[in-house]
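*Asks:* Please build the complex by placing chain B with the ligands on the supplied structure of chain A, with the hints as guidance.
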Amino acid sequence: MRIDIHPILQFDREREISFLYNGNKIKAFEGETIASALHAAGIKVLSHSIKLNRPRGFFCGIGKCSSCLMRVNGVPNVRTCITPVEDGMVVESDVQQLPSAEFPGSNKEDISVDILVVGAGPAGISAAIEAGKRGVSVLLVDENPMLGGQLIKQTHKFFGSRKERAGTRGIKIAEELEEQVRELEKNGKVKILPGTSVFGYYGGGSSHMLGAANKMSNVMYHINAKKVIFACGAQENMLSFPGNDLPGVYGAGGVQTLMNVYGIKPGKRVLMIGAGNVGLIVSYQLLQAGVEVDRVVEAMPRIGGYSVHAAKLRRNGVPIYTSHSVKEVYGKDRVEGAIVAKLDENWNFVEGSEEDVKCDTVCLAVGLTPSARLLFQAGVKRDYIPEAGGYVAIHNMEMETSVKGIYVAGDSSGIEEASTAMLEGKIAGLSASISLTGRDSSTTAKMEEYIKTLEEMRRGPFGSKAREAKRKILEEASNEGI
Amino acid sequence: MKEYERTGVISIEEIRVPSEEQLKRGVAITECIQEIPCNPCVDACPVNAISMEDINSPPFVDYDRCTGCAQCAAVCPGLAIFVVKLEDESALITLPYEFLPLPEKGEEVEALDREGRGVGKAIVRRVVKKKDNTALVTVSVDRKLAMDVRNIRVLR
Ligand SMILES: Cc1cc2nc3c(=O)[nH]c(=O)nc-3n(C[C@H](O)[C@H](O)[C@H](O)COP(=O)(O)OP(=O)(O)OC[C@H]3O[C@@H](n4cnc5c(N)ncnc54)[C@H](O)[C@@H]3O)c2cc1C
Ligand code: SF4
Ligand code: SF4
Ligand code: FES
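If you're matching them up, the sequences are chains A and B in order. One rule links them: number in my numbering = place in the first sequence (from 1) + 106. One rule links them: number in my numbering = place in the second sequence (from 1) + 176.
Looking at chain B on its own, in the form it has when it is part of the complex:
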């Protein structure tokens, strides 16, 4: 049995971490590693960067093709896709968010890791409200936390 099957938290070893170059351009990371019957991410990608052998296999992102547009993250029913982009000092993380209140641009929020633990502060850079009510929130965090921050807590 894999550890994540017991805890519900996948570890960094289970994720294909993109190269520094790829992360600088900004790419989608699919934290979806089980064989589940699902594929809307494949259909959503405008540049065909996501592939899948059949509907039950986990998605595979071609990091050299991916433009970081986050369209896949917006449709993913598992809320399992995050777009990560490295800047000089910080990392930009785009994550799906389905809680109220929605944060606002410029607001300081708490950055949370995969276990919901506070790991630092995050500044909201962008909030895209979608018609179907899953918002995409982009926050900037300390560059070192690029592969750790996967959620936020609004402090209001």
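So here's chain A without its partners, still in its complex pose:
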């Protein structure tokens, strides 16, 4: 299941290690996560649902869905998809009893900082760089072991203009961003904590209190920040159909993480649900990884993603069925196939149009929902904006929310793209810095430049959704006096 040769990527598997999984020794390579190493070893059932005892498999791969919780070295409820595997680790699945009462107290550390940035995707890193350059102290926290958010799995070249690095692969952009923020770290401007989750917001006022933890190194952080920028990204949407919880049904982004970050194939043959850009891009990347794609089905009558992405798939022999969806996925403990059927104008399945697709993997690429729970806990004004992907924080042009000193950027503020996430990050970083150090003509000019570029990027028919989402958000912000 490990990919050895790949047209775009190289996987260095330098050090072989082993760990114990339910008492059995499993081989892994340094750099893999526990769940990816288990996947490579053919273990696809990672847990069972508590009530009905249904098997659960890898779904999101980025710590958002909880289907991979296990006990690791005695620590309960560890998300194994974002926890790097270590030599000699003891991993146990389906441990239903409560942990011992003597769970060792954690090491506490207090951190006071000017600006806390939660999430080190393109938005968060850009915010940290922008603020770090301006002489304020910055703490950048991400619960994944690697910096870069979704960019670290995007092997395709980006669109846009040369200035926004068009024609460059996402993985390369992630490397460049990481280099820049590491440089600021070296100079003591930015402190970076990977593998650390921010788990709660505990009150504000002149500064904000938040809790964060690195479970595996058993450290808990009490963070006191003058300003907070939330750049937590998004989580993949589920679709309801019988069998949607079978191991082998993955989020498309989860599959991308598995194959492009860890070099592990999700299966042999895939059914892709959704022909937006994510579905089209991930299907093409599956082909590059040597995985067959049976077809792409799309409920809408038209392909939602760029036609150039669709064309790449078609000329490689992958059919795209619009006005089609999945009726059910079947199999015992894992996906063995799926029934797809045609939809009529009223979104009902057309009787007799069913087709049995033999596959071991079903990928859902049916949209994303902003991750904004910490913002809501902090009490920001929010609203349901369908074009943004769900509930989002209302924010002004400079990315500040209704709670003073709390900012939002990237997918967390409405689903969009890496290019716009980077700009929103820069704007949030700049506006948080300005609120600490004051505004002058050069910061005003910079701000204007960023906002103008952002507006330019949202022009054109494919930017219409984001444009509408942001229009509603900004209008509401101005009504609320934010």
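A couple of the hints might just be wrong.
[Claimed, not checked] Distance condition first, Cα-Cα at most 25 Å in a straight line; then the derived DSS-like pairs of lysine-lysine:
| hint | chain 1 | residue 1 | chain 2 | residue 2 |
| --- | --- | --- | --- | --- |
| 1 | B | K281 | B | K306 |
| 2 | A | K371 | A | K131 |
| 3 | A | K278 | B | K307 |
| 4 | A | K269 | B | K281 |
| 5 | A | K448 | B | K178 |
| 6 | B | K178 | A | K269 |
| 7 | B | K178 | A | K571 |
| 8 | B | K200 | A | K278 |
| 9 | A | K278 | B | K305 |
| 10 | B | K305 | B | K281 |
What the hints contain is simulated information worked out from the structure, not anything from laboratory work.
*Replies:* Quick look at chain B with the ligands alone, frame taken from chain A:
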């Protein structure tokens, strides 16, 4: 709704087909017809043969200016640019290729159309490996297939 929006395959009617004269010199054909925010092809062209009203408009190639150098094809993130050149008996097609194994010069491969169907054989004339891993492969195919062949399958 346009047919390609349903199928993902653009038809020959949607492409500005160059004249025989232009094709004999060899020109870039941009199979990129939607309004998407993208323009690296414009910047890549050394002779300014590609123009665009603004970043969202589809590219327009001045076939009389284009030299067929394929630099635009190498950067295009949509892998949507093909260089076509007519010879006496055959057509040379340069296409972006991102799969393994890479074909080798002189190798016989299968020529595929826009729907991935085999439409004949192709002989690999040139393989240019790029630093960013998108290779440019030039194959020769039957002259009649010049506007049909857009992919290859390595038969090894
Ligand atoms: C398959 C696919 C293809 C795409 N293709 C393109 C493309 O071609 N061009 C383009 O511009 N965009 C593309 N995108 C979109 C782009 O990847 C996203 O819009 C972008 O990554 C959003 O950036 P972000 O920084 O907001 O969020 P993310 O990149 O998701 O980063 C958020 C980070 O926050 C961290 N985090 C979340 N909560 C916490 C917490 N409580 N504590 C600590 N850390 C936390 C996460 O671990 C994550 O690393 C694509 C997306 C996908 C899924
Ligand atoms: S083939 Fe060369 S000359 Fe022609 S449009 Fe492309 S870059 Fe310009
Ligand atoms: S670079 Fe490619 S995808 Fe972008 S506008 Fe030019 S032809 Fe279209
Ligand atoms: S949280 Fe680990 S797979 Fe989703």
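*Asks:* For every hint, state whether the structure bears it out.
*Replies:* Here is what the structure says about each hint:
Taking the CA atoms of K281 (chain B) and K306 (chain B), the gap is about 16 Å. The hint holds against a cut of 25 Å. Taken as a hint, the K371 (chain A) and K131 (chain A) pair is honoured in the structure, with Cα atoms around 21 Å apart against an allowance of 25 Å. With a C-alpha separation of about 12 Å, the suggested pairing of K278 (chain A) with K307 (chain B) holds against the 25 Å cut-off. Among the hinted pairs, K269 (chain A) with K281 (chain B) is inconsistent with the structure: their alpha-carbon atoms are about 36 Å apart, more than 25 Å.
Of the pairs offered as hints, the one joining K448 (chain A) and K178 (chain B) holds, with about 20 Å between alpha carbons and a cut-off of 25 Å not exceeded. Distance check on the hinted pair: K178 (chain B) and K269 (chain A) sit about 32 Å apart at the alpha-carbon level, beyond 25 Å; violated. Restraint check for K178 (chain B) and K571 (chain A): the C-alpha separation of about 20 Å stays at or below 25 Å, so the hint holds. Distance check on the hinted pair: K200 (chain B) and K278 (chain A) sit about 38 Å apart at the alpha-carbon level, beyond 25 Å; violated.
Of the pairs offered as hints, the one joining K278 (chain A) and K305 (chain B) holds, with about 18 Å between alpha carbons and a cut-off of 25 Å not exceeded. Restraint check for K305 (chain B) and K281 (chain B): satisfied, since their Cα atoms lie roughly 12 Å apart, inside the 25 Å limit.
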